[in-house]
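Participant: For reference, the chains in residue letters:
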Amino acid sequence: MFDWQIFLITSIPWAIFVGLLIYFIKNPEKAEKWYSIIARGLSFISLNWEKSGVARDIQSDINSFMKNINSKTKHPVLRYEVKVKWISGTTREAFVKKGKVIVKMEHHKNQAKNFLYITMDWVGKSLIPEGRHLIDKTILRALDFACINKVLVEKKRYDVRQLFLDEFYELEAPKGSLLEKYCSAFDKLDERGLLIGVVLPEFSSLGRRIGSIIPSEKIKLETIGFMSMLEKLSKRMPGEDVNPDYNGENIKCSIVLVARQETYLTHGLSPYLSHINRCCQDGIRSIYVCAIGDANISLVKKIKDSYAESKKISVVSAETQALDRKKSIALHLETKNNQSQA
Amino acid sequence: MTLNYIVFVMSEPKYHEIDAVHERNLRELLESLGLLEDVLKGHINCNFCKKKITLDNLRCIYPKNDEILFCCDDIRCFEQTLEDSREVKTDV
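The listed protein sequences derive, respectively, from chains A and B.
Everything in the first sequence is counted per this note's numbering, starting at 1 for the first residue and increasing by one.
Everything in the second sequence is counted per this note's numbering, starting at 1001 for the first residue and increasing by one.
Keep in mind that the hints were calculated from the coordinates and are not lab data.
All C-beta atoms in this analysis are idealised placements derived from N, C-alpha and C, irrespective of residue type, glycine included.
Among the clues, some could well be false.
Claimed, not checked - Here are the computed distance ranges between Cβ atoms for each label pair:
#	chain 1	residue 1	chain 2	residue 2	range
1	A	K26	B	K1050	48 to 54 Å
2	B	R1027	A	G225	50 to 56 Å
3	B	K1052	A	G225	42 to 48 Å
4	A	V242	B	K1050	43 to 49 Å
5	B	R1027	A	R236	53 to 59 Å
The whole structure should be built from the sequences, with the hints applied where relevant.
Facilitator: Written out as structure tokens, the structure reads:
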């Protein structure tokens, strides 16, 4: 007779094993994290375990951060995964020919410095590589800092963050400097979900459209103009009017903030729709409709539905993000006449 | 745009590979480059702040114009190294 008890006892471990296997295949960075914990535990056995522990701990955190950010944007804004390649010996000729920096990594007990150095190197290479050369240097640096800070906060690397702030950020971006002003603007925009929802996709889109041309001063000035609009928006107080449009030669962008329920209750969706339609007439290419909180998010979804069958405007993406306590949404619309030009 | 983008994505590498040396392999690496003695004797300085390089404060090494340069563990020097090494790549 078939014994159910024996069947269950023998099949449960297999079911758990298969479940874990599927989970780790779907989330390789989680497998890497577990591997790094085990490797660090075994680091006293050999140097290979120690190296695995150091490298995989950093790789898993950075790569999972990258995956998480890219899942919130239509096109990836962080392009490359990080991979630490261990070198223990080479020849002078081979080293010079390869032309690459070799970074010294410390024992896993001093992982804070290792993590910071690798993150700095990775962000400089991986963050919107298609558009970096078009962006003004100070803005680009502020974007890099915002991204480094975001990795460290999201991965709860508070010791590394303190090191970054004390030994680098505060010296590089003293109070009152332009860099500090831009960093603070990105910080405030990030609190509202606009860094991932608007700023990075817009710079990435700029790179995808005109990344192959030789960058000129004119394009960099345009990025400064766009940044100035973003900065004003970041400081905007409730009820204050800030022009949310930037209509340059290459950046044509408008940011619609849906924040007041009373506007909807009094006028319905028409103030938002008429602004979007006006943007379309003015030749604005990208329109981002952003909101925080469930009630406002549902309004944005209604706006999205209004353009489901539009011949002039297409819905590029509508991604939600979890902020500190609330959720935010960034609906990205694109005018179709500009799409064909691009 | 879409076609260009697909070509761009497919043609680029998926990883940013960072070459690293573990502190326990540092002597071995410097020996293979013929620079261990210079470091031990204190003949090498940081390319940026000019601080004397030791096995403890060395953070990275990189080649530029057939020369091998060193950088200390000051984060600002490291940042300058990254910029400097990117310039080298663009020159090539």
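Participant: Hints first: check each against the structure and report whether it holds.
Facilitator: Going through the hints against the structure:
For the hinted restraint 48 to 54 Å between K26 of chain A and K1050 of chain B, the CB-CB distance of approximately 50 Å keeps it satisfied. For R1027 of chain B and G225 of chain A, the hinted distance range of 50 to 56 Å is satisfied, since their beta carbons lie about 53 Å from each other. The beta-carbon spacing between K1052 of chain B and G225 of chain A, approximately 46 Å, falls within the hinted interval of 42 to 48 Å. Take V242 of chain A and K1050 of chain B: their Cβ atoms lie about 47 Å apart, and the range 43 to 49 Å holds.
Between R1027 of chain B and R236 of chain A the beta carbon distance is about 57 Å. The supplied range of 53 to 59 Å therefore holds.
Going through the hint list in order, the structure satisfies each hint without exception.
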